[in-house]
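Please take these sequences and the hints and turn them into a complete structure.
Chains D and C, in that order, give the protein sequences. Residue numbers for the first sequence follow our numbering, so the first one is -4 and each next one is one higher. Residue numbers for the second sequence follow our numbering, so the first one is -4 and each next one is one higher.
The set of hints was computed from the structure by calculation and includes no laboratory data. It cannot be assumed that every hint is accurate.
Treat identical chains as interchangeable: a pair holds within one or across any two.
What the hints assert, rightly or not - Below, in silico cross-link-like pairs of lysine to aspartate or glutamate (DMTMM-like), each with a Cα-Cα straight-line distance of 25 Å or less:
# : residue 1 : residue 2
1 : 129       : 34
2 : 23        : 36
3 : 129       : 35
4 : 118       : 100
5 : 134       : 34
6 : 134       : 24
7 : 134       : 69
8 : 23        : 139
9 : 103       : 139
Take a look at the letters that make up each chain.
2 protein chains.
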Amino acid sequence: MNNNDDNIAAPGTPEHHAHLKTLREIVKDIDFAMLTTLDDDGTLRSRPMSSNKEIEFDGDLWFFTYASSHKVDEVEREHQVGVSFADPKTQRYVSMSGAATLVRDKAKVEELWQPHLKAWFPKGTDEPDIALLKVNVSKAEYWDAPSSFVAHAVGLVKATLTGTPASGGENEKLDLSPVTATSR
Amino acid sequence: MNNNDDNIAAPGTPEHHAHLKTLREIVKDIDFAMLTTLDDDGTLRSRPMSSNKEIEFDGDLWFFTYASSHKVDEVEREHQVGVSFADPKTQRYVSMSGAATLVRDKAKVEELWQPHLKAWFPKGTDEPDIALLKVNVSKAEYWDAPSSFVAHAVGLVKATLTGTPASGGENEKLDLSPVTATSR
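Written out as structure tokens, the structure reads:
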């Protein structure tokens, strides 16, 4: 449960590529993120958002939103947001830090649109208030326990028996900025 | 995905009790939370924490931690934290806002200790650096979709067909302060 590991793999190295691949897989697989913003009373507030599954994570996260929603007010006052992905069943977790901006670009809306979003935007891309929240991620960390809950439980038992701390799988920090610059 | 509903059930009403019951059930069931803190560079950062399953949520959340960990530095500088619980498989989500404080109380550590924590604290309650993070929750929201993923998918299809927004289940805000005062 500790994330004080400052061992960041250098961009361009095989380690970095492997970590980025894992991060993308977790994000794609979990899909639903909690977006945390700083409210005007100084409190931190989260809400579930779909990260649109099909889109490959390249350093920017895109969320569909209503431009008039309260979280947009929060983001316009304070751009720094947190995005977390959690799947307790498989013990996989992601923390991302970034700056969010509201993007009202019809072409981008059309490009990123997914049919399942109709549940939240019944008018589809014709919704007048539809917009995108773009989060430019500057830091990311992930916790990737063995892929099944059973395997994780084995890890816990082993640690309890041997007296060495369970690592909780991997906890890797990624510096995404250079990747964003080279991957587009 | 919208949380602008300002319809807060008044404490003492049957609605409020029902919502609090649901909130407790979700928290107990998901167990693992993402704790979001404000870092000294202004970024928001999360990490997974176990909320110790067995303990009933009464307005305070307790997390075991190493007193020397970085998140404790963050919390001591800025008490406001966010705690989110997410179970994308069942589409249940919780957002809590509160103030965190470090508690180094041996009796409380013993009271809250759970055997599975040995995985992270091999020395158990004899660990010299062991401490508790107490989060006094001031605001909570939850999203409680129909209890199975299948039922949720039905909701999406229905919304797509009828052109009315999927509510994503319930989204209820709870004002916990009075409950905290009366339940202890």
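For each hint, the structure was consulted:
1. 129 x 34: Answer is both: 18 Å inside a copy and 21 Å across each meet the 25 Å cutoff.
2. 23 x 36: neither (33 Å within a copy, 28 Å between copies)
3. 129 x 35: both (20 Å within a copy, 23 Å between copies)
4. 118 x 100: within (17 Å within a copy, 55 Å between copies)
5. 134 x 34: Result: close both inside a copy and across copies, 21 Å intra and 12 Å inter.
6. 134 x 24: within (20 Å within a copy, 30 Å between copies)
7. 134 x 69: Close inside one copy (20 Å) and across copies (16 Å); limit 25 Å.
8. 23 x 139: Classified as both; 14 Å inside a copy, 22 Å across copies.
9. 103 x 139: Close neither inside one copy (32 Å) nor across copies (31 Å); limit 25 Å.
When each numbered hint is compared with the structure, violations occur for hints 2, 9.
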